[in-house]
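Asker: Sequence:
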Amino acid sequence: MSRLIGLVLLLAGLLYPFAVYFGMEHFAPWQFALLLGSLWLARALTGERRPGSLWMAVVAIAFCLLLALFDSPVLLRWYPVLISAFMLVLFGLSLKYGPPMIERLARLREPELPARAIRYTRQVTIAWCLFFLCNGLCATALTLWAPLSWWMLYTGLISYGLIGLMFAIEWLIRQRVRGRP
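Residue numbering for the sequence shown follows my numbering, beginning at 38 and increasing consecutively.
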C-alpha cells in the first residue's frame, strides 16, 4: 500500500504544474491542498521509515494546511520550490551526516564500493545539491515574477528535462571513471 501511495504522490508531483495551470479555473486552492495533503498524510501514516520521510511529510502537510487556510492561488506555485528545498536538504544532510545519498543508492547495487567510488559518489551528491539549489532558485524567481505559463513550462517540463540531462551526464562521466568506452 505504501508503494502505491508513493507512486500516486510522485505522479501528483509530476503533474502538479499542469494541474495548477489548467485546473485553477475549475478548482479552488483549498481543493488542491486537500488532495495533496491527503496524499502526504497517507504517506506519513503508511510509509516506510526512510531518512527524512517523516519531516518531509510534516512540512508538506503544513504547507497544505496554509494553502487551505489562505485559499491563495499564489501559494499553489510554491510547491515545486518546496520539493527542491526538500531534496537539497536531504542530499545536503547526507553529506554532513553520511553516507552521501548517491553512495547509499550505489550501495544498493554494489554493496562493497572501493574508496575511489566513495569519493566519486560524494562529488555526485554535491553536484545534485547544486542542481536542487539552482532549480529551487529558478522556481522561486518564476513564482515571484513570471506569468503562470512560464512557471508551468519550467516546473512541468524544463526542470524534468534538466534532471534527465543531469542523469545522462553523470552516467557518461561514471562510464569514463570506471574505464568503460
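Worth double-checking, as some hints may not be accurate.
Stated by the list, open to error - Label-pair distances were calculated between CB atoms; the ranges are:
{"#": "1", "residue 1": "164", "residue 2": "67", "range": "13 to 21 Å"}
{"#": "2", "residue 1": "68", "residue 2": "130", "range": "40 to 48 Å"}
{"#": "3", "residue 1": "208", "residue 2": "67", "range": "39 to 47 Å"}
{"#": "4", "residue 1": "148", "residue 2": "182", "range": "40 to 48 Å"}
{"#": "5", "residue 1": "52", "residue 2": "111", "range": "16 to 24 Å"}
{"#": "6", "residue 1": "208", "residue 2": "102", "range": "38 to 46 Å"}
{"#": "7", "residue 1": "68", "residue 2": "199", "range": "23 to 31 Å"}
{"#": "8", "residue 1": "203", "residue 2": "90", "range": "18 to 26 Å"}
{"#": "9", "residue 1": "61", "residue 2": "177", "range": "28 to 36 Å"}
{"#": "10", "residue 1": "203", "residue 2": "130", "range": "30 to 38 Å"}
{"#": "11", "residue 1": "146", "residue 2": "178", "range": "15 to 23 Å"}
{"#": "12", "residue 1": "187", "residue 2": "152", "range": "16 to 24 Å"}
{"#": "13", "residue 1": "207", "residue 2": "68", "range": "23 to 31 Å"}
Calculated from the structure, these hints are not laboratory results.
Quick reminder that beta carbons are idealized off the backbone N, C-alpha and C, glycines included.
Asker: Look at each hint and say if it fits the structure.
Answerer: Outcome of the hint check:
no. : hint                  : result
1   : 164 x 67: 13 to 21 Å  : violated, 38 Å
2   : 68 x 130: 40 to 48 Å  : violated, 33 Å
3   : 208 x 67: 39 to 47 Å  : holds, 42 Å
4   : 148 x 182: 40 to 48 Å : holds, 47 Å
5   : 52 x 111: 16 to 24 Å  : holds, 20 Å
6   : 208 x 102: 38 to 46 Å : holds, 40 Å
7   : 68 x 199: 23 to 31 Å  : holds, 30 Å
8   : 203 x 90: 18 to 26 Å  : holds, 23 Å
9   : 61 x 177: 28 to 36 Å  : violated, 20 Å
10  : 203 x 130: 30 to 38 Å : violated, 20 Å
11  : 146 x 178: 15 to 23 Å : violated, 37 Å
12  : 187 x 152: 16 to 24 Å : violated, 45 Å
13  : 207 x 68: 23 to 31 Å  : violated, 38 Å
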